[in-house]
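Dock chain B against the given chain A, drawing on the hints supplied.
As given, the protein sequences belong to chains A and B, one line each in that order.
Convert by adding 3 to the 1-based position in the first sequence; the result is the number in this note's numbering.
Convert by adding 1185 to the 1-based position in the second sequence; the result is the number in this note's numbering.
Be careful, since some hints might not be right.
Claimed, not checked - If you anchor each label on the Cβ, the simulated ranges turn out as follows:
1) B:Asn-1349 with A:His-155: 36 to 44 Å
2) A:Pro-182 with B:Glu-1332: 35 to 43 Å
3) A:Gln-61 with B:Ser-1235: 52 to 60 Å
4) B:Asp-1309 with A:Tyr-45: 26 to 34 Å
5) B:Lys-1219 with A:Asp-165: 50 to 58 Å
Calculated from the structure, these hints are not laboratory results.
Here a beta-carbon is modelled for each residue, glycine too, at the ideal position from N, C-alpha and C.
The chain contents come next:
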Amino acid sequence: MAKTEPYILNMGPQHPSTHGVLQVQLELDGERILGAKPVMGYLHRGIEKLMESRTYTQCVPYTDRLDYVSSMNNNLGFCETVEELAGIEVPERAEYIRVIVAELNRIASHLIFIGTLMIDLGAATGMIYAFRDREKILDLFNIICGARMTFHYIRIGGVCADAQPEFIAETEKFLEYVPKMLEEYDHLMTGNEIFYHRLKGTSPLTREDVLRYSMSGPNVRASGVDYDIRKIDSYSIYDRFDFNVPLGTNGDNWDRYQVRFHEIIESAKIIRQAIDNLPDGEIMAKVPKVLRPPKGDVYHRVENTRGELGFYIVSDGSTKPYRVHIRRPSFVNLQALDTMCRGMLLADSVAAFSTIDPLMGEVDC
Amino acid sequence: MTKYIRKEQIEKLQQQFPGILYDAEQAKPAIYVKPEELLAVLRYAKEQVSFSFDRLSNLTAVDYKDYFEMVYHLFSRRYFTWLTVKVKLENHEAPEIASVTSLWAGANFEEREVYDLMGVNFTDHPDLRRILMPDNYGGHPLRKDFEPLVPKIEGGVLTWQKQNHIS
Chain A
4 MAKTEPYILN
14 MGPQHPSTHG
24 VLQVQLELDG
34 ERILGAKPVM
44 GYLHRGIEKL
54 MESRTYTQCV
64 PYTDRLDYVS
74 SMNNNLGFCE
84 TVEELAGIEV
94 PERAEYIRVI
104 VAELNRIASH
114 LIFIGTLMID
124 LGAATGMIYA
134 FRDREKILDL
144 FNIICGARMT
154 FHYIRIGGVC
164 ADAQPEFIAE
174 TEKFLEYVPK
184 MLEEYDHLMT
194 GNEIFYHRLK
204 GTSPLTREDV
214 LRYSMSGPNV
224 RASGVDYDIR
234 KIDSYSIYDR
244 FDFNVPLGTN
254 GDNWDRYQVR
264 FHEIIESAKI
274 IRQAIDNLPD
284 GEIMAKVPKV
294 LRPPKGDVYH
304 RVENTRGELG
314 FYIVSDGSTK
324 PYRVHIRRPS
334 FVNLQALDTM
344 CRGMLLADSV
354 AAFSTIDPLM
364 GEVDC
Chain B
1186 MTKYIRKEQI
1196 EKLQQQFPGI
1206 LYDAEQAKPA
1216 IYVKPEELLA
1226 VLRYAKEQVS
1236 FSFDRLSNLT
1246 AVDYKDYFEM
1256 VYHLFSRRYF
1266 TWLTVKVKLE
1276 NHEAPEIASV
1286 TSLWAGANFE
1296 EREVYDLMGV
1306 NFTDHPDLRR
1316 ILMPDNYGGH
1326 PLRKDFEPLV
1336 PKIEGGVLTW
1346 QKQNHIS
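Okay, chain A solo, but in the shape it has when bound (with noise of 0.2 Å):
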């Protein structure tokens, strides 16, 4: 075979499928990859920096802009850590309805994962339908907050508004629709054979790579490493609930896709097991107007949509947090690129950039 000359070749800022502002420098041999190197810092914020001069309670809705198709579990995660931090005891229905709304959330974003997955194929149509579906929760959290994105909903010490009954009738409906949701999914997409073939075998990524990168969420359990937060090192009320982690054997893009899609069965099955249980009882702990946390540092961890989502929050005993960490997940998995673009052609490129799931909020923080 003729060798050519490797050149680079800048993918984004500006492209459709690097979700966001992403800039990935392609090294290519022909068609071939030979490297791959992200880029980013585009949407670098300093919220972490932002977060030092704002007190703990003002520091809930910046946690909404991270990962912003997800931000219930970033809420959740950001409160959970002060709650430990100041040592605020949750009410049981509060624990409850924010079990619902994360995991809704969690449905939310995996339709977004699929349908962006279907568009990069090229494929417009999966789009469209995973985002009609996408749109039926964000009317759920539109019922219960009065937003569809950027919630701001769960507060330190339980959450802002309580769930009214048109939002668990709506939310039964909704629940009743997503089997007929996913069967429609499975003859349009899985079952399609170029969606098959564009996927299947392309980007693998092996146990070993994906516990050297130290990533997490479904790319690690595609790759049949079994590490589910919600499973292994339970926080909140996930212990309660009775449901399965979804694990892949390659580790290759259809894995990926796979195990996202079967974490949606898992994720309903978790609201219909809080749903049947939602105790009555308050929403909001007894929180001082003025929170001031004791001195002392706390890591906590969340299982995010795209993985392992961590707060790191040191208090010098005033009313602003000393240092806010945030370990973002799509952050650190995005080091996998190189390994899985490596010997790949440039078509898909875009289905691993898809796969990975990175999101240029939480990446640039």
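Relative to chain A, chain B alone:
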């Protein structure tokens, strides 16, 4: 719920590395390691079967105005326990510590972030460049004594300059 490393285990670590300090009073114990011993301690904690802290969950630094503190959160996928390792860097002007990328390749971006925003230099890091801020940026924003720089275009090149305070 979250489990932390048991005190007997910390004492076992201490026997191996006498330089380790730890506050027995705290409910969530963190061990303090000397900078030159860091790699050896982390390797021991990672590779010994009785510890198996095989996952570097989080890596960050905190600026305490007269010194820096590196914080490593390790998690054991075998025993589901946590270990917090802290390292005090006395030199506030030019803090320096060994990179842990030889143990966890995934620390690469996180160390670059700490280098970029805090100005901690990591020795033996494969690719130590700025990651979030522009390449020609002149400061480290997460330091407590940081003053924001203003962008200025000179001769078609974007540069970053100190603000002129109105006095």
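These are the hints, each one checked on the structure:
| no. | hint | in the structure |
| --- | --- | --- |
| 1 | B:Asn-1349 with A:His-155: 36 to 44 Å | holds, 38 Å |
| 2 | A:Pro-182 with B:Glu-1332: 35 to 43 Å | violated, 57 Å |
| 3 | A:Gln-61 with B:Ser-1235: 52 to 60 Å | violated, 44 Å |
| 4 | B:Asp-1309 with A:Tyr-45: 26 to 34 Å | holds, 29 Å |
| 5 | B:Lys-1219 with A:Asp-165: 50 to 58 Å | holds, 53 Å |
The structure fails to meet hints 2 and 3 from the earlier list, while all remaining hints are met.
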